[in-house]
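Trainee: If you want the building blocks of each chain, they are given just below.
Protein chains: 2
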Amino acid sequence: MNETIERAPLDEKVISRLREIFGVERLLTSQTDMMTYSYDASFETQLNPQKPQVAVIALSTHEVSECVKLANEYKVPLYPRGAATGQTGGAVSTKGGIMLDLSRMNRILEIDHQNMQAIIEPGVIQNDLNLALKPYGLQFPPDPGSANMCTIGGMVSNNSSGLRAVKYGVTRHYVLGMEVVLPTGDVIVTGGAKSKALKSVSGYDLAHLMIGSEGTLGIVTRLRLKLLPLPVTRGIVLCSFERLESAGEAVNAVFSSGLQPSAIEIMDFNCIKAVNMMKPELNLPVDNEAVLVFEVDGAKEEVTSQVNRLKKVVEKYATHLKFSDEPNECEKLWQARKLVGAAVGLLKPGGFRVYAGEDICVPISRLPETLREIHNIAEKYGIVCGIYGHVGDGNMHTGPVVNSSNEVEMENVQKMVEEIHQLAIRMEGTTTAEHGVGIVRAKYMDVEHGPAMEVMRAIKRTLDPNNILNPGKMALPN
Amino acid sequence: MNETIERAPLDEKVISRLREIFGVERLLTSQTDMMTYSYDASFETQLNPQKPQVAVIALSTHEVSECVKLANEYKVPLYPRGAATGQTGGAVSTKGGIMLDLSRMNRILEIDHQNMQAIIEPGVIQNDLNLALKPYGLQFPPDPGSANMCTIGGMVSNNSSGLRAVKYGVTRHYVLGMEVVLPTGDVIVTGGAKSKALKSVSGYDLAHLMIGSEGTLGIVTRLRLKLLPLPVTRGIVLCSFERLESAGEAVNAVFSSGLQPSAIEIMDFNCIKAVNMMKPELNLPVDNEAVLVFEVDGAKEEVTSQVNRLKKVVEKYATHLKFSDEPNECEKLWQARKLVGAAVGLLKPGGFRVYAGEDICVPISRLPETLREIHNIAEKYGIVCGIYGHVGDGNMHTGPVVNSSNEVEMENVQKMVEEIHQLAIRMEGTTTAEHGVGIVRAKYMDVEHGPAMEVMRAIKRTLDPNNILNPGKMALPN
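Protein sequences, first through last, are from chains A and B. Our numbering puts the first residue of the first sequence at 202, with every later residue one more than the last. Our numbering puts the first residue of the second sequence at 202, with every later residue one more than the last.
Simulated from the structure, these hints should not be mistaken for laboratory data. The beta carbon of each residue, even a glycine, is placed where N, CA and C say it ideally should be. Heads up, a few of these hints could be off.
With a cut-off of at most 27 Å between alpha-carbon atoms, the simulated DSSO-like pairs for lysine-lysine come out as follows [stated by the list, open to error]:
| hint | chain 1 | residue 1 | chain 2 | residue 2 |
| --- | --- | --- | --- | --- |
| 1 | A | Lys368 | B | Lys395 |
| 2 | B | Lys517 | A | Lys501 |
| 3 | B | Lys501 | A | Lys517 |
| 4 | B | Lys480 | B | Lys549 |
| 5 | B | Lys270 | A | Lys512 |
| 6 | A | Lys395 | B | Lys368 |
| 7 | A | Lys427 | B | Lys368 |
| 8 | A | Lys523 | B | Lys501 |
| 9 | B | Lys517 | A | Lys513 |
| 10 | B | Lys616 | A | Lys395 |
| 11 | A | Lys512 | B | Lys517 |
| 12 | A | Lys501 | B | Lys368 |
| 13 | B | Lys335 | A | Lys368 |
| 14 | A | Lys335 | B | Lys512 |
| 15 | A | Lys512 | B | Lys335 |
Far from chain B, some chain A residues (derived; all Cβ distances over 10 Å) [said to hold, decoys possible]:
| hint | residue |
| --- | --- |
| 16 | Ser304 |
| 17 | His576 |
| 18 | Gly637 |
Using the sequences provided together with the hints, build the complete structure.
Mentor: Here it is in structure tokens:
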């Protein structure tokens, strides 16, 4: 447990400068406060929480910049943090130092509906932005499962996505520009210093270097986001398949027919079981290996048409099929998918669901074999798990369920996770589709990227010569 | 004219090594060949063609890598080139050296329809790829006007887009990974060395640093592209507006209604005139300031529904309106937009259309005032021009028409271009939405980007310490 690591206290000059920048009320030093900042939603940091030495709560770009300058001058590690809903330890201090809490920089500065843009601070919660956009008939599409809690700054740092990435793409596609505090404390604006253009190819697009860099290259302090029209309504087709392979074929047939669903979700047989345990009235067919939930969106007539086309395509492969283009009925059908993350915990009495090895992605064609192989690995280690995910992207969330008091199980689940990650790479996939690297997947970086890692490290050294920004993550310089 | 620049001949050792790498047949040195490589589609290089000292035609990554290593060893400028359809001088040698022709690395290596991906060499023409994808019901959406000629490597280097970016986004959104030869000659693969995943957040996404870097950071030798389902059919609504402001309001009303057209194109009064001159039977209403052409796509029923919704929204603002969901009729309505690039040349007897100042982008809300202001500037300099473009993105193509034998006009058009670029920046826009910087817009980089330029330059120096790759472009180190 890293809690016991002995660190020399931070230089008193650093503390005193932090006090000047943030005032006494936003400079936190108590051990209780440090404990709060010592983990995120990852299994790893739940097992091994890691405390910063101090935490500060920023309210402005100026404060962030001053804090970074100070950290750079004294070579103190600095860890930016949003809502800490991440599952990789990305927002946790691994080397003591300063935790920089950005969650209160949460103002929506402008909704420019005419220009289909929003200007926000990084601490704005995804769902709060979308609620504010609704009256304008607009949306910010990337929709991680944690949308009710996660900050958009965190989404940008991890290039998050979610259910609807199959139609709407990932966070990257909605960032037009950003204000960034560099590891030197200098402030830049990407995508044009004063631009509100929706499209630009002027210069290197530094936003795209920053997006997904998990706070290792700069701290986002302002975002200019691209918005899309909010679809009028949605339709659902829920269908089940005797064999995984038929589910894969159905997905392919849907794409080949020219349909572009807004979500294509899969749940395996264990998820079906779990959902039925949690909500028996949903009554998902239990003799099936997989359930697919397709969502389409658009205006009423278009949704009805798409639901009908979808039905026609998938009914050749499916054993059972339910559908609707009525909002209330859709909500019910969608419930099965919505509940699954919580439901898998029921697969084992007294068990809890672990977030580890939970984000692999493989080519769609290799999904059936990958799902089977994960269950083989799980069986080998005596672990129960339910698998669900964004099948249209090949992204699967494995949900192992363990009993925390069972030490063997706690060890076995980690071995299982290691094998799942190796499997993903062997299947021409990746260890992480949307959650990120942080500390939990750093060890796979060299094998995934080969010589490209040296370019990443060279860029890190160029922008952060003192390696102060979120050090110890992503297999960058330590 | 730069043709007359005296350069010391390339070191005989360099020539002899190039001969070893490429053989005598693919090492070109004659002045006629050098002339062929001395310009692209920009006005600037038509006025001032710039010859490389030698040109080589690459057929493999190995050859590219060997050539780059050689250039790096002898510090010889190296200019990668695709089809040279660019309008910025980006693919033209400004410092002599070696021209590296990639247009014959044009194999489609794999169409993996199950995984919605294609693996190609950079010299593949956009339209050739889409023809090959059609039987699978798939498409590579980015669609520049030069789609019949331009290479996808060039599109990636410039982050090109086109008519349908308003729905489908830009080239960047379709690059999953790439093989890149770095300025040292080392070869990396971005997005996972062996990955075929559709989504990944593992590591910095170096592809996104390379995309739009105009060949200054690396040479793309292989691309892994994301494909989308090809829509079944399309529908068109063509409408005209007494005043530009009403056209802007119509665009806004369409977005607010939840519609997502696949294209929204604008033509100003001069374009209307020009199109009527070229094709009188189109009979566009001449008493109007603007025509908008909306395209929607999907299955037949959905297109019909969208066309009806569109009509209902825009008829409040428009003076005339035509529409169709029948392919033949749509083709006719689309013609007006298709012809406009060529038609503007008719605005002035004996004139030709110049590609300069042709790619600005402003916030949608400022389009009417920007269009009016461009015509004011044009009038001041006595230049006729037609303006058209992708109004849904705020991207306008100004088409000035001049007589090349009129020296005053040739000077005035350049002054006009300068003012158009300054106007774009003043309107919170950019000098280039999709064509790039190259040499023609390098001088605006510092004003557009401010301190962010220093980060671009630092990255350039890190990856290309000898500044051999496409030097003299984008206001990077010279």
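Trainee: Run the distance test for A:Lys368 versus B:Lys395: straight-line Cα separation, threshold 27 Å.
Mentor: Satisfied, since the Cα-Cα distance of roughly 25 Å is no more than 27 Å.
Trainee: Would the hint linking A:Lys512 and B:Lys335 be met if the CA-CA limit is 27 Å?
Mentor: Answer holds: A:Lys512 to B:Lys335 is near 24 Å, not above 27 Å.
Trainee: Using Cβ atoms and 10 Å as the threshold, tell me whether A:His576 really stays out of contact range of chain B.
Mentor: Non-interface label stands for A:His576: nearest chain B Cβ at 21 Å, farther than 10 Å.
Trainee: With d taken as the least Cβ-Cβ distance between A:Gly637 and chain B, does d exceed 10 Å?
Mentor: 5 Å, violated
Trainee: Verify the proposed pairing of B:Lys501 with A:Lys517, using a straight-line Cα cut of 27 Å.
Mentor: With a Cα-Cα distance of about 22 Å, the restraint between B:Lys501 and A:Lys517 holds, given a limit of 27 Å.
Trainee: Are A:Lys335 and B:Lys512 close enough, with their CA atoms no more than 27 Å apart?
Mentor: Within the cut-off at roughly 24 Å; holds.
Trainee: Sort out whether B:Lys501 lies within 27 Å of A:Lys523, counting only the CA atoms.
Mentor: Measuring from Cα to Cα gives roughly 24 Å; hence the hint holds.
Trainee: Is the Cβ of A:Ser304 more than 10 Å away from each Cβ in chain B?
Mentor: 21 Å, holds
Trainee: Hint check: A:Lys512 vs B:Lys517, CA-CA at most 27 Å. Holds or violated?
Mentor: 37 Å, violated
Trainee: Sort out whether A:Lys513 lies within 27 Å of B:Lys517, counting only the CA atoms.
Mentor: 38 Å, violated
Trainee: Given the hinted pair B:Lys270 and A:Lys512, is their Cα-Cα distance within 27 Å?
Mentor: Violated. B:Lys270 to A:Lys512 sits at ~56 Å, over the 27 Å cutoff.
Trainee: Within a Cα-Cα threshold of 27 Å, do B:Lys480 and B:Lys549 meet the stated pairing?
Mentor: Distance ~16 Å between B:Lys480 and B:Lys549 Cα, so the pair holds.
Against the hints set out earlier in the document, violations occur for numbers 5, 9, 11, 18.
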